[in-house]
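Asks: Given next are the chains, with one letter for each unit.
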Amino acid sequence: MKTAEHPEQASKFVANDQRAHWHDQALWFVREKRDRMAVSLPEWEQLRSAASQIKLHTVSRLADYLEQFEQNATKLGAVVHWARDSEEHNQIVLSLLQKAGAKQVVKSKSMLTEECHLNPFLEAQGIEVVDTDLGERIVQLRKETPSHIVLPAIHIKKEEVSETFHEHLQTEAGNNDPNYLTEAARNHLREKFLAADVGITGVNFAIAETGGLVVCTNEGNADLGVSLPKMHIACMGIEKLVPHAADLSVFLRLLARSATGQPITTYSSHFHGPSPGSELHIILVDNGRSNLMGSEQFRNSLKCIRCGACMNTCPVYRRSGGHSYGTTVPGPIGSILAPSRDSKAHKSLPFACTLCGSCTDVCPVKIDLHHELLEWRGEIHRRGQLPMSKTVPMKLTSWMMRSPWLFRWVGAIGKFCLRHLPRWAIYHGLNPWGKQREMPESPQQSFRQLYQIHESKKASDE
Amino acid sequence: MSSRDQILKSIRNQVVASVDHPGLAGDWIRYDDRVAHFATVLTAVGGAAHVVDSAEEITAELSRVPAFAHASKIVSLCDQISGNVDFDAIDDPHALEDVDFAVLPAQFAVAENGAVWVDDAAVKHRVIYFIPQHLSFIVRSPTHVADAIVDNMHQAYERISLGEPQFGTFVSGPSKTADIEQSLVIGAHGARSLNVFFLRQ
Ligand code: SF4
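These protein sequence lines are chains A and B, in that order. Counting along the first sequence from 1, when you hit position 25 you're at 25 in this note's numbering, and nothing is skipped either side. Counting along the second sequence from 1, when you hit position 21 you're at 21 in this note's numbering, and nothing is skipped either side.
Errors might be hidden in some of the hints.
[Unchecked claim] Here are the simulated DSS-like pairs of lysine-lysine, each with C-alpha atoms no more than 27 Å apart in a straight line:
#, chain 1, residue 1, chain 2, residue 2
1, A, LYS415, A, LYS395
2, A, LYS395, A, LYS344
3, A, LYS230, A, LYS75
4, B, LYS124, A, LYS75
5, A, LYS230, A, LYS103
6, A, LYS12, A, LYS99
7, A, LYS143, A, LYS103
8, A, LYS75, B, LYS9
9, A, LYS192, A, LYS157
10, A, LYS33, A, LYS366
11, A, LYS230, A, LYS192
12, A, LYS395, A, LYS435
13, B, LYS9, A, LYS192
14, A, LYS12, A, LYS390
15, B, LYS124, A, LYS230
16, A, LYS230, B, LYS9
17, A, LYS158, A, LYS192
18, A, LYS192, B, LYS124
Honestly, the hints are just simulated from the structure, not real lab data.
Chain A extracted, bound-state conformation (with noise of 0.2 Å):
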């Protein structure tokens, strides 16, 4: 898959300033719920350390848990199966459908299954899916894929979902009443519903000790999805486990505080087995991860819930959008996922990021994204992807900086320019610095003459 840079796709996005502005605040305000929620806990810090805690302990004895939960839910009456990559998963699926005489399916939203493209091979097979959370149906109709892990329409605005819906679903045009858009939805959507053979959901967390799983949803369409149909699919990242039930204690509360500043989800539902009369059948994917448990560096990124709170703070991803980043999870964790299975193809994603921490400081797991981020630099930098546009001004300012007098001399030079020179010799294409940003203003002295006016006068003082 072709891949674009990060900068040419936010360029596009950043094209429309007012938009870039209003994406940046609808992501803020949802970053300042997650801090009303966090502060209204004393004990958010300890839970973040459990959080984590549990999660390594998982990955580090994760076979283990998962024959265990492969034990426990076949015991409970679910049929499991396992998927060394997109291809097998979306093939499991395909054939369980074929197995049900399956021709309407509805899926709740699952970022597996958007990783392992699942709607364009099924479709191809001549199935319908439906996608029934609101957002993912909107970019569903419009053909376009999520902008964000827990807000997939964020990016869109009411006016466009109005035109989306006129076509396709008939409402009256030029309303753009998010509650007259959102009943239109929920009627189409029941229609959906009620016509499934089949209902497809992706997993927020497995538990070993018992084989159940958790669907987190605020709509219900997880859970209306699937409680009609007689079969449930549930397709799930082999991370996704936890040891114990009362673990979920730690992670429920943690999850939608972290990801919209609700304190719960509306429906936190706990699957044990298929309902009486129907099938529960759970795919285990691989797809890269458990790669991904052997690297010293990156193991920590497996710890992920996939609340979204990383993108709602990072600057970049506010001002980017989350298509600048070409896959499916965007933002700063995204950012370390997609190089680990293609570092060449995602290789500016790394470099999407300011390297501010404040992700870092929001992960409910604790992930250390931007000291992650900062080590994929190097390590794209090791592989010789690193482009010439990013090689060569690092190899001038290391030789640069490693003459003092050189250094003095260019310090003078910038300044002088700085000042001096007309706008058009500074803002231009050659310096990237200058796009969308005012340059600093030139300091009339440099930190050198400063301190040597200070060091002259406290000799003199003395």
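With the hints as your guide, set chain B with the ligand onto chain A.
Replies: Just chain B with the ligand now, with coordinates in the frame of chain A:
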């Protein structure tokens, strides 16, 4: 080799330092007045809580709710509250598509997040938690109302036993979405309203 064995082998081949489980003991939050805190949180997420002494009070309260008063199809799984659908006689859950109102029992409530825990041990079709237009839960408490409410999720999991074939869910408020420009809309797919009654008896 099967995919299962390949995946397990690939995992076992990785060198991962062993990390202990941290344990779950902690100084987790408690509330002086669990009933009041539960009600505040539930209200904030779009629901409403009521403390009552008798089933009659629930009926009286409900009949003031237009959605109940005008409902044509009501499922009640609580004695003393009358419904008009013979729920257990229904074989196909699709037949519940036009239920307007359901009054269902809930096991207990959680103060920190305004959720109630429900399971399908005695409920034939789990879809009844999601398909009605409006929903009310009744939490019975033989002693003090506060005994039916735990402080936090850690206590909640101590009360639940999982591992049997069963479905259970925490429900906190009515169904909602904010997917259109972050405007909160109540009533996405599931219930458009949610009332929780604590019945002292
Ligand atoms: S990395 Fe952390 S903050 Fe980002 S989505 Fe994952 S859990 Fe949430």
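Asks: Take the hints in turn and mark each one as holding or not.
Replies: Hint by hint, here is what the structure shows:
{"no.": "1", "hint": "LYS415(A) / LYS395(A)", "verdict": "holds, 22 Å"}
{"no.": "2", "hint": "LYS395(A) / LYS344(A)", "verdict": "holds, 22 Å"}
{"no.": "3", "hint": "LYS230(A) / LYS75(A)", "verdict": "holds, 19 Å"}
{"no.": "4", "hint": "LYS124(B) / LYS75(A)", "verdict": "holds, 21 Å"}
{"no.": "5", "hint": "LYS230(A) / LYS103(A)", "verdict": "holds, 13 Å"}
{"no.": "6", "hint": "LYS12(A) / LYS99(A)", "verdict": "violated, 45 Å"}
{"no.": "7", "hint": "LYS143(A) / LYS103(A)", "verdict": "holds, 20 Å"}
{"no.": "8", "hint": "LYS75(A) / LYS9(B)", "verdict": "holds, 23 Å"}
{"no.": "9", "hint": "LYS192(A) / LYS157(A)", "verdict": "holds, 25 Å"}
{"no.": "10", "hint": "LYS33(A) / LYS366(A)", "verdict": "holds, 19 Å"}
{"no.": "11", "hint": "LYS230(A) / LYS192(A)", "verdict": "holds, 15 Å"}
{"no.": "12", "hint": "LYS395(A) / LYS435(A)", "verdict": "holds, 23 Å"}
{"no.": "13", "hint": "LYS9(B) / LYS192(A)", "verdict": "violated, 41 Å"}
{"no.": "14", "hint": "LYS12(A) / LYS390(A)", "verdict": "holds, 22 Å"}
{"no.": "15", "hint": "LYS124(B) / LYS230(A)", "verdict": "holds, 14 Å"}
{"no.": "16", "hint": "LYS230(A) / LYS9(B)", "verdict": "violated, 34 Å"}
{"no.": "17", "hint": "LYS158(A) / LYS192(A)", "verdict": "holds, 23 Å"}
{"no.": "18", "hint": "LYS192(A) / LYS124(B)", "verdict": "holds, 23 Å"}
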